[in-house]
Amino acid sequence: MARHGVQAGRAQLVESAGVDSDIDADYAAQLLEGGSFFWLDLSGVPPERMVEFSAALELNADAVQHLVDVDQRSSFTETHDGVRWVSYGMRDNSHLTQVRAVFTKSFLVTAHEEPCRGLADARHRYERLRDSEQDDGPLVLFMVLDALATTFESVLARLDAQLDELEAAVLGGPPMPGYLQQVLEVRQILTPIIRALGPYRRDLVSILGDVDRMPGMQVGTQQYLDSHRSHLVALFEAAHDCRDETRDAMEAFSSATSERQGEVINWLTIVAAVFLPLTFVTGYFGMNFSIITHLHGTLTFSLLAIVLPAVLAVFTVLLLGFLIRRLGVRLIPARVPRLAPGSSADVSGGDRP
Numbered sequence: 131m132a133r134h135g136v137q138a139g140r141a142q143l144v145e146s147a148g149v150d151s152d153i154d155a156d157y158a159a160q161l162l163e164g165g166s167f168f169w170l171d172l173s174g175v176p177p178e179r180m181v182e183f184s185a186a187l188e189l190n191a192d193a194v195q196h197l198v199d200v201d202q203r204s205s206f207t208e209t210h211d212g213v214r215w216v217s218y219g220m221r222d223n224s225h226l227t228q229v230r231a232v233f234t235k236s237f238l239v240t241a242h243e244e245p246c247r248g249l250a251d252a253r254h255r256y257e258r259l260r261d262s263e264q265d266d267g268p269l270v271l272f273m274v275l276d277a278l279a280t281t282f283e284s285v286l287a288r289l290d291a292q293l294d295e296l297e298a299a300v301l302g303g304p305p306m307p308g309y310l311q312q313v314l315e316v317r318q319i320l321t322p323i324i325r326a327l328g329p330y331r332r333d334l335v336s337i338l339g340d341v342d343r344m345p346g347m348q349v350g351t352q353q354y355l356d357s358h359r360s361h362l363v364a365l366f367e368a369a370h371d372c373r374d375e376t377r378d379a380m381e382a383f384s385s386a387t388s389e390r391q392g393e394v395i396n397w398l399t400i401v402a403a404v405f406l407p408l409t410f411v412t413g414y415f416g417m418n419f420s421i422i423t424h425l426h427g428t429l430t431f432s433l434l435a436i437v438l439p440a441v442l443a444v445f446t447v448l449l450l451g452f453l454i455r456r457l458g459v460r461l462i463p464a465r466v467p468r469l470a471p472g473s474s475a476d477v478s479g480g481d482r483p
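Here this note's numbering runs 130 ahead of the position in the sequence shown, where the first position is 1.
What you were told as hints is all true, and nothing was included just to trick you.
Label-pair restraints from in silico Cβ distances:
1) Lys235 / Ala291: 40 to 46 Å
2) Pro345 / Glu295: 46 to 52 Å
3) Pro307 / Asp192: 49 to 55 Å
4) Ser284 / Gly451: 51 to 57 Å
5) Gln195 / Arg258: 32 to 38 Å
6) Asp340 / Glu188: 24 to 30 Å
7) Ala291 / Asp261: 39 to 45 Å
Below, a list of computed lysine to aspartate or glutamate pairs in the EDC-like style, where the Cα atoms sit at most 20 Å apart:
8) Lys235 / Asp266
9) Lys235 / Asp261
10) Lys235 / Asp340
11) Lys235 / Glu208
12) Lys235 / Glu263
13) Lys235 / Asp192
14) Lys235 / Asp211
15) Lys235 / Asp265
16) Lys235 / Glu163
17) Lys235 / Glu188
Derived from the structure by calculation, the hints contain no laboratory data. Since we're looking at a predicted model, the values are computed, not measured. The beta carbon of each residue, even a glycine, is placed where N, CA and C say it ideally should be.
Using the sequences and the accompanying hints, generate a full structural model.
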């Protein structure tokens, strides 16, 4: 079917046969009159067109403001005729995409400014649903929400593996160049993820067992919410664990640095101890005292030139051995292979912009 009046942005009707693009407000009104549940995705649609679609779908002013306002925290709230929510999905390895939506018993409208990998995955899942399942609005709703949440899994797993490698590297050898910078970059990725998941997770937990009584929901919807809520809680805890690992990684770096500074001080102590007897003897016999300068004879020479240095050498070796045992310093420190540049410990990732 041909469409008319196509403007900026893309309004897409998600259907079993795929995606029908360039939907206008008049066609959206026809879909509403048809009575079957549908999913309309508004990608990059400007506010004025968003108002047109909202009017065609008979949404009130609050719902319109919800779809237009990009400055919102994540949420899942009940309305008189359905649910409004704001959720996030990973666009790539380090950036989030905000998705705002209005759900009623007749339709699901999603709005976002940037491409969203999670919504693309949800569309593919929707196409594989049976006709009866596509008419199940709550099933479609939580399928979309869960697809958005799934985008966090690979990112969190990658960050966790990178932190493990960074900690192993700093504990096994000298501090890596840029180690703290890499840990801070991981933390900078985790912080917006936790901020995105936190309020949304709290809203889901607050619903508990009341979802079946919410507008637009059906009997049996609780199982969808329980599955999605468990998924969100697990992701939130994984993100928190990763952030705790960044703190542990920085503490490991500080501890390793302090340990190596202690080793340097130990070696300086040993070097000073080795040269202390030699310095003392050199200084003592270098003084211009007559009792020293007038010493002559083979016995005196033997004592000063052979016996005394030998005694000093033995004393120095014994002192060196005592200090090494006492301080626990190894003459040849163990070396651990360093991570090669470009390994998986590089938080930027190969496909990071």
